[in-house]
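What follows is each chain in one-letter form.
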Amino acid sequence: GAVVSQHPSRVICKSGTSVKIECRSLDFQATTMFWYRQFPKQSLMLMATSNEGSKATYEQGVEKDKFLINHASLTLSTLTVTSAHPEDSSFYICSASLGPVGNQPQHFGDGTRLSIL
Amino acid sequence: AQKITQTQPGMFVQEKEAVTLDCTYDTSDQSYGLFWYKQPSSGEMIFLIYQGSYDEQNATEGRYSLNFQKARKSANLVISASQLGDSAMYFCAMREPRGGNQFYFGTGTSLTVIP
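So the protein lines, in turn, are chains C and Z. To convert, count from 1 in the first sequence and add 117; that's the working numbering. To convert, count from 1 in the second sequence and add 69; that's the working numbering.
There's no promise every hint is true.
Below, in silico cross-link-like pairs of lysine-lysine (BS3-like), each with a Cα-Cα straight-line distance of 27 Å or less [said to hold, decoys possible]: (1) Z:Lys139 <-> C:Lys183; (2) Z:Lys85 <-> C:Lys158; (3) C:Lys137 <-> C:Lys183; (4) Z:Lys72 <-> C:Lys181; (5) C:Lys172 <-> C:Lys137; (6) C:Lys172 <-> C:Lys158; (7) C:Lys181 <-> C:Lys158; (8) C:Lys183 <-> C:Lys131; (9) C:Lys131 <-> C:Lys158; (10) C:Lys181 <-> C:Lys131; (11) Z:Lys72 <-> Z:Lys139; (12) C:Lys181 <-> Z:Lys85.
Keep in mind the hints are simulated off the structure, nothing from the lab. Bear in mind that the values here come from a model prediction, so they are computed numbers and not experimental data.
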């Protein structure tokens with residue numbers, strides 16, 4: 118069964134709206150979660166690393182004020198796209214690992230398709 | 070330099086045949102992990118198989134096997150007895166200890182299984 122839950126799966130909203138996406142680890146604690154963005158037919162682009170109880174680490178070129186990440190508990194990280202515009206339309210997907218090292222894969226949520234009109 | 074390179078943007082395979090998806094990686098670490106994921110058109114990322122850098126045997130998981138050639142820094146995915154449901158994007162990824170939990174993904178290979 119799924120180990121990471123992501124909600125909502127699809128969002129369609131007007132330009133200027135802020136959108137919150139939730140990522141939950143199921144039955145395990147995730148001190149670190151990751152947020153990716155994916156354009157059609159392209160690879161996953163790491164946006165930021167979400168750390169429980171501290172500030173997120175953003176990748177170069179990702180606007181911190183645009184993409185707000187909060188990791189308030191060991192099982193929940195949220196990504197808020199503030200004042201979204203059509204260019205923010207994309208597929209956003211989160212992940213978490215069961216453990217910090219070795220053979221633990223990242224487990225992904227089912228992703229969120231964001232469409233800004 | 071690219072950490073993970075997948076040189077096949079698209080591949081076709083006949084149903085029931087085997088197919089190899091290529092992946093090469095670049096790292097100076099001795100300890101690292103290699104992973105393959107499948108992404109159907111619905112978007113979810115499905116973990117398929119893992120190979121550790123110290124593993125002497127090639128990993129296998131059902132119809133999936135990983136052809137690990139450490140000296141060549143390659144970790145090719147072999148899918149045997151292809152099924153129509155195997156049609157999807159396939160991503161190779163690497164995890165380095167120095168990168169914390171960060172994974173580096175390749176650009177992916179789109180596999181189409183032909184009936």
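How the hints compare with the structure:
no. : hint                  : verdict
1   : Z:Lys139 <-> C:Lys183 : 41 Å, violated
2   : Z:Lys85 <-> C:Lys158  : 26 Å, holds
3   : C:Lys137 <-> C:Lys183 : 12 Å, holds
4   : Z:Lys72 <-> C:Lys181  : 25 Å, holds
5   : C:Lys172 <-> C:Lys137 : 17 Å, holds
6   : C:Lys172 <-> C:Lys158 : 31 Å, violated
7   : C:Lys181 <-> C:Lys158 : 25 Å, holds
8   : C:Lys183 <-> C:Lys131 : 16 Å, holds
9   : C:Lys131 <-> C:Lys158 : 25 Å, holds
10  : C:Lys181 <-> C:Lys131 : 21 Å, holds
11  : Z:Lys72 <-> Z:Lys139  : 15 Å, holds
12  : C:Lys181 <-> Z:Lys85  : 48 Å, violated
Going down the numbered hints, you'll see the structure goes against 1, 6, 12, while the others check out.
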